[in-house]
Amino acid sequence: MGKTNFGGIVKSVCLEYTPEVQCGDYVLVHVGFALGKVDEAEAERTYRLLNEMNQLSELEVESELTAVPAGRAEAP
Amino acid sequence: MKYLDEYRNGALAETVVREIRRIVTRPWVLMEVCGGQTHSIVRHGIDRLLPPEVELVHGPGCPVCVTSLEMIDKAHAIARQPDVIFCSFGDMLRVPGSKVDLLMIKAQGADVRIVYSPMDCLKIARANPAKRVIFFAIGFETTAPANAMAAWQAKRQGIQNFSLLVSHVLVPPSIASILQSPLNRVQGFLGPGHVCTVMGYREYEPICARFQVPIVITGFEPLDLLQGTLSAIRQLEQGRAEVENQYARVVGRDGNRPAQALINQVFEVCDRKWRGVGSIPKSGYKLRWEFREHDAERLFGVKEIDTREPADCISGLVLRGVKKPHHCPAFGKECTPEHPLGATMVSAEGACAAYYAYGRHLENPVEESNHRAGGRVVQEASA
Numbered sequence: 001m002g003k004t005n006f007g008g009i010v011k012s013v014c015l016e017y018t019p020e021v022q023c024g025d026y027v028l029v030h031v032g033f034a035l036g037k038v039d040e041a042e043a044e045r046t047y048r049l050l051n052e053m054n055q056l057s058e059l060e061v062e063s064e065l066t067a068v069p070a071g072r073a074e075a076p
Numbered sequence: 001m002k003y004l005d006e007y008r009n010g011a012l013a014e015t016v017v018r019e020i021r022r023i024v025t026r027p028w029v030l031m032e033v034c035g036g037q038t039h040s041i042v043r044h045g046i047d048r049l050l051p052p053e054v055e056l057v058h059g060p061g062c063p064v065c066v067t068s069l070e071m072i073d074k075a076h077a078i079a080r081q082p083d084v085i086f087c088s089f090g091d092m093l094r095v096p097g098s099k100v101d102l103l104m105i106k107a108q109g110a111d112v113r114i115v116y117s118p119m120d121c122l123k124i125a126r127a128n129p130a131k132r133v134i135f136f137a138i139g140f141e142t143t144a145p146a147n148a149m150a151a152w153q154a155k156r157q158g159i160q161n162f163s164l165l166v167s168h169v170l171v172p173p174s175i176a177s178i179l180q181s182p183l184n185r186v187q188g189f190l191g192p193g194h195v196c197t198v199m200g201y202r203e204y205e206p207i208c209a210r211f212q213v214p215i216v217i218t219g220f221e222p223l224d225l226l227q228g229t230l231s232a233i234r235q236l237e238q239g240r241a242e243v244e245n246q247y248a249r250v251v252g253r254d255g256n257r258p259a260q261a262l263i264n265q266v267f268e269v270c271d272r273k274w275r276g277v278g279s280i281p282k283s284g285y286k287l288r289w290e291f292r293e294h295d296a297e298r299l300f301g302v303k304e305i306d307t308r309e310p311a312d313c314i315s316g317l318v319l320r321g322v323k324k325p326h327h328c329p330a331f332g333k334e335c336t337p338e339h340p341l342g343a344t345m346v347s348a349e350g351a352c353a354a355y356y357a358y359g360r361h362l363e364n365p366v367e368e369s370n371h372r373a374g375g376r377v378v379q380e381a382s383a
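Chains P and A, in that order, are what the protein sequence lines are.
Residue numbering for the first sequence follows my numbering, beginning at 1 and increasing consecutively.
Residue numbering for the second sequence follows my numbering, beginning at 1 and increasing consecutively.
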């Protein structure tokens, strides 16, 4: 078992399925079980791809689209 | 929170939408499989940011919604018995069976309790040795590791008075079933990120090959869903049909091996009946024979029950992506989250409940076509 902080709320979580997890890691939790560790390198890679797309498109004409409403969904 | 906020960046979302508009040349129908994704799409109005060529239909991935009426009636029959403590996730309590729901049974004096995790039931069972404690173990592959652990620990620790009423369902057979239907409209899938965290995505590869559809394993934040949509549309436009992994920050091809090992030790694959859809071969888990002493279905021997669904509910068609919630004449009128008529309205993750929560029952069809054409952002209803 380990203590997990969900943006301020701390709960005990079973780490049986994620033996590799260290203090400070981010984990995906479902019904009291950590099911996977968030891979920092992959998270950055995904985000970098998106950012690159953004930089490329700045060269194009401005879109007529309005912005996405800011979401405040809880962690799934 | 880290790894969440970045994936809600409005400027980046615009860029992805623009890229989808740039590459799309004709109409395509995509289905998001998971109820969590449906909820996020409707909440953030993502379907309305997309160009009119791209239609999102909503899949069968709400576990509460697809739990069969028979199984819910069985749960009710067990919960009513004396010396029983019946435990369930909270969203199962308001789901109507043929006659009542678990909340009504609780109000009539039954000991029905909401738990956060199946492991909580083991504590309840130890503290109440004279009672029989049952957990209503529903869910997709995401919930199976927790339920498997509860059964395994109960057996290991000899907790005789704990059992599970298992109604587990599996994603790959359900999407294969959707694709085989003569009514099918779906041409590509946003795959279920959290199911694949557990199971990996190897089992989706033969589905892509067999049915020639792209499946993009996708996360739950707005940018995840837009990026997954972009990848699926790109594949369709290029004539490819592969598994891609948008949610690589959590999902690997092999999934969580220790979790799969315990699932296989505790459960075996079985045919399963889905509410609104019917029986799908090899689409569920049941407890293995070794765990029969913790199998509530065996212990309580509830007979097949005569069930009744309202005739005017189209949830079966909604679950298969053939219809959308607002196509139903009862949507938002006779059928609401307070008085759900069928599967897709009973849980917050159901497509009809999500449409209702964000005010789409208040719109008329003309308005809807304006939204689609203009990509106008719709204000969220306070939910």
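If you are wondering where the hints come from, they were derived from the structure by calculation, not from laboratory data.
It is possible that part of the hints are untrue.
Part of the chain P face toward chain A, derived, beta carbon under 10 Å [stated by the list, open to error]:
{"hint": "1", "residue": "10"}
{"hint": "2", "residue": "11"}
{"hint": "3", "residue": "16"}
{"hint": "4", "residue": "17"}
{"hint": "5", "residue": "28"}
{"hint": "6", "residue": "43"}
Note that CB positions come from ideal geometry on N, CA and C, so glycine has one too.
Which hint numbers does the structure go against, in order from smallest to largest?
1
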